[in-house]
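Let the hints inform the model, and build the full structure from the sequences given.
So you can see what is in the structure, the chains are spelled out below.
There are 2 protein chains.
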Amino acid sequence: MSRKPATRLYVEEDLAAGGVVGLSPDHAHFLRSVLRLEPGRTVALFNGRDGEWLARIDGIGKGWASLSLEGQTRLQAAGPDVWLYFAPIKRARLDFLVQKATELGAARIQPVVTQRTIVERVKADRLRANAMEAAEQSERLDLPEIGEPGKLDRALDEHPQDRPLLVCAEAGDAVSMADAARSLSADRGCTILIGPEGGFTPDELRFLADAPAVRFVGLGPRILRAETAALSALALWQALAGDGAQRPPHRDWM
Amino acid sequence: MSRKPATRLYVEEDLAAGGVVGLSPDHAHFLRSVLRLEPGRTVALFNGRDGEWLARIDGIGKGWASLSLEGQTRLQAAGPDVWLYFAPIKRARLDFLVQKATELGAARIQPVVTQRTIVERVKADRLRANAMEAAEQSERLDLPEIGEPGKLDRALDEHPQDRPLLVCAEAGDAVSMADAARSLSADRGCTILIGPEGGFTPDELRFLADAPAVRFVGLGPRILRAETAALSALALWQALAGDGAQRPPHRDWM
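Chains as they are written, first to last, in this note's numbering: chain U, 78 to 331; chain X, 78 to 331.
These are computed hints drawn from the structure, not numbers from a lab.
There may be inaccurate statements among the hints.
One copy or any two copies: either way a pair holds, since identical chains are not told apart in the list.
Unchecked claim - Straight-line alpha carbon distances no greater than 35 Å define the calculated DSBU-like cross-link-like pairs of lysine-lysine that follow:
hint	residue 1	residue 2
1	K81	K167
2	K200	K139
3	K228	K139
4	K228	K81
5	K167	K200
6	K81	K139
The following block contains the structure:
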């Protein structure tokens, strides 16, 4: 029979040869009641540390599943070092933004509260759940780190001084995101900052302009909503400085 | 007082000096009951042909509004000639895809039904409504053309033979989308084709590979959902072959 895994799940436990892994109640419910998998079927597991493993279901019941690791299918590899800082937006679009940023390989997703941020309450747990599901579907070997929401000035104070910080700006002087991404080497990493729908305040813009690592970048002549700007900037950075030239992993499961 | 328009609306009527324009019931309701605008306030109007005009509300009531054109604020300009062909997806994500593709400047949005397309019923009217709202918000001067859903083979038969057709492919040989976009000149135009979640069938891939204008392109090592792939490809084409280096229009409304 084909050993192609029925799905791909993130787990926190270590993954090593001969290991046995128990799943969370949510994951066990997904395998049992949604996918209707029975013992003997295989799934792929990853934990952000030990690569990807093929695991066989030994036993499964209401809220639990026990799997034995059959072999490693991918070695752990570090993803591109790109972070997304963004002013929170409304719930449905926020879920979407986190899912898509995860698909596009963001290593860190950090909500930052600006003076004109309207939506200030962000549930980091909800962001993590969205990120996990997107990572499972996107073949990522890790989850993005989800930062606790914090104020912009504090986020910038804590931001590495020498790490390039690209601030997407709809007005004022800016280089194109493509030119900015081309000028950066992936090993320096990069942070992309997306402002609130109302834009940054003049105070915030002055504060940003004074930060040595900041460059203001443009995303073309159309006004993009916050989530569109974030995805465009991430896609461009991956294509021009990150791993955009790589191909999805191909594995023969037979 | 500031003449900054309270909002920006797409209309079908001609826009010319001295003209008087009536709004649709939906737009009139939006101005009256949502924005609560009264006579004397201004809005921006565009119709895809005559640039953008500042219009003053002369009268407004239940389901109607009459505006007089005060002057042209932008000249009509053709947008980049990039088309998006995609296999329809479920409703919420489809709405999202059309909104974002419009923000990213797609000139044409064409649903194509492939052998593995699950969602076959697409309401073109709903796509148009999403496109219009996104165009109004994005400062576009036109709406994307929304094609009637059709089968893939027919869509390809009707596709201009010499127009580059970039097919996003998760498996098999492909050049990076960035390399493909860089190699294209904007004046030739470009069509981006996104397959269904289940992928193209071997028959479809052979059919595509035989088309002279087709190039298979990759979007990096992660598996992207259909809407993420579409937005990434559009953003990359705009940045590297389209108008990504331009800035949003700046106008002083005082």
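Hints, verified against the model:
In this homomeric assembly, K81 and K167 come within 35 Å of each other (Cα to Cα) only across copies, at 26 Å, whereas the closest approach inside a single copy is 38 Å. Taking the shortest Cα distances, K200 and K139 sit within 35 Å of each other inside one copy (28 Å), while across copies they are farther apart (41 Å). Taking CA atoms no more than 35 Å apart as the test, K228 paired with K139 passes in neither setting, with 42 Å inside one copy and 44 Å between copies. Taking the shortest Cα distances, K228 and K81 sit within 35 Å of each other only across copies (31 Å), while inside one copy they are farther apart (45 Å).
Taking the shortest Cα distances, K167 and K200 sit within 35 Å of each other both inside one copy (12 Å) and across copies (26 Å). Taking the shortest alpha-carbon separations for K81 and K139, only the intra-copy value of 24 Å comes in at or below 35 Å, while the best inter-copy value is 60 Å.
Violated hint: 3 only; the structure is consistent with all others.
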